[in-house]
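Participant: Just so you know, the sequences run in chain order A and B. Numbering follows this note's numbering, with no gaps: position 12 of the first sequence is 12. One rule links them: number in this note's numbering = place in the second sequence (from 1) + 117.
Worth flagging that the hints you see were computed from the coordinates, not collected in a lab. From the three backbone atoms N, C-alpha and C, an ideal C-beta is built for every residue, glycine too. Check before you lean on any hint, since a few could be wrong.
Some, not all, of what chain A presents toward chain B, calculated at C-beta under 10 Å [stated by the list, open to error]:
hint, residue
1, Lys41
2, Ile45
3, Asn57
4, Lys67
5, Val88
6, Gln106
7, Tyr107
8, Phe108
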Amino acid sequence: DTAVSQTPKYLVTQMGNDKSIKCEQNLGHDTMYWYKQDSKKFLKIMFSYNNKELIINETVPNRFSPKSPDKAHLNLHINSLELGDSAVYFCASSQDQGQGISTDTQYFGPGTRLTVL
Amino acid sequence: AQSVTQLDSHVSVSEGTPVLLRCNYSSSYSPSLFWYVQHPNKGLQLLLKYTSAATLVKGINGFEAEFKKSETSFHLTKPSAHMSDAAEYFCVVSYWGSYIPTFGRGTSLIVHP
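Based on the provided sequences and hints, a complete structural model is requested.
Facilitator: And the structure:
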């Protein structure tokens, strides 16, 4: 069984469109993350979210918004897509030991490759 | 504040020779340190982690890393490289109470036959 799954795997869209990427984890974890990986493989954390609190990376444009319908899902919605949004987006989860701490092992999804034309 | 520096963007070795991937960190608190591996077109997978127990940490696939507080280092080693080790490796630092782990920029390991 896949622990952390993302859909779609590939997403090609035009500038200005709005799109969503879905993430689901079946590990029972309380904390989930979204990362952006650029063409040089640099990983940048965008959001950390648990059932208590959303932590936003201040450098993330407000066109990006995480939405969590329940503990097992954390979707990423992107408004008004720009060329610079082209990247691979990874979802991850970890067990919350009490305060959404990040010292736990993270389990990553397979990634969604977003291409904005 | 915390930061992590992976000293080499690329490391090239021959199959069967030792691997050394270097990582230095800074943290205001006692750190938790991780190495993750990313194979082409895949997500990241944990290799090993240090969380204030034994300073020599053994991971999967024959990898190990040693936490050296005096040198603020957490270098990743493997005695003998295999072709399947070719991948991107990320060193990560975090600490108790932090919501956000800090990733290094990655080291690409190239293994030649």
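Participant: Determine for every hint whether it applies to the structure shown.
Facilitator: Right, here's what the structure says about each hint:
The closest approach between the C-beta of lysine 41/A and any C-beta of chain B is roughly 5 Å, which is under the 10 Å cut-off, so the hint is satisfied. The closest approach between the C-beta of isoleucine 45/A and any C-beta of chain B is roughly 6 Å, which is under the 10 Å cut-off, so the hint is satisfied. Given the 10 Å rule on beta carbons, the hint for asparagine 57/A holds: about 7 Å separates it from the nearest Cβ of chain B. At its closest, the beta carbon of lysine 67/A sits 18 Å from a beta carbon of chain B; the interface hint therefore is violated under the 10 Å criterion.
The interface hint given for valine 88/A holds, since its Cβ lies 9 Å from the closest Cβ of chain B, which is under the 10 Å cut-off. Taking 10 Å as the C-beta cut-off, the interface hint given for glutamine 106/A holds, the closest approach to chain B being about 7 Å. At a threshold of 10 Å, the smallest CB-CB gap from tyrosine 107/A to chain B is about 8 Å, leaving the interface hint in force. The interface hint given for phenylalanine 108/A holds, since its Cβ lies 4 Å from the closest Cβ of chain B, which is under the 10 Å cut-off.
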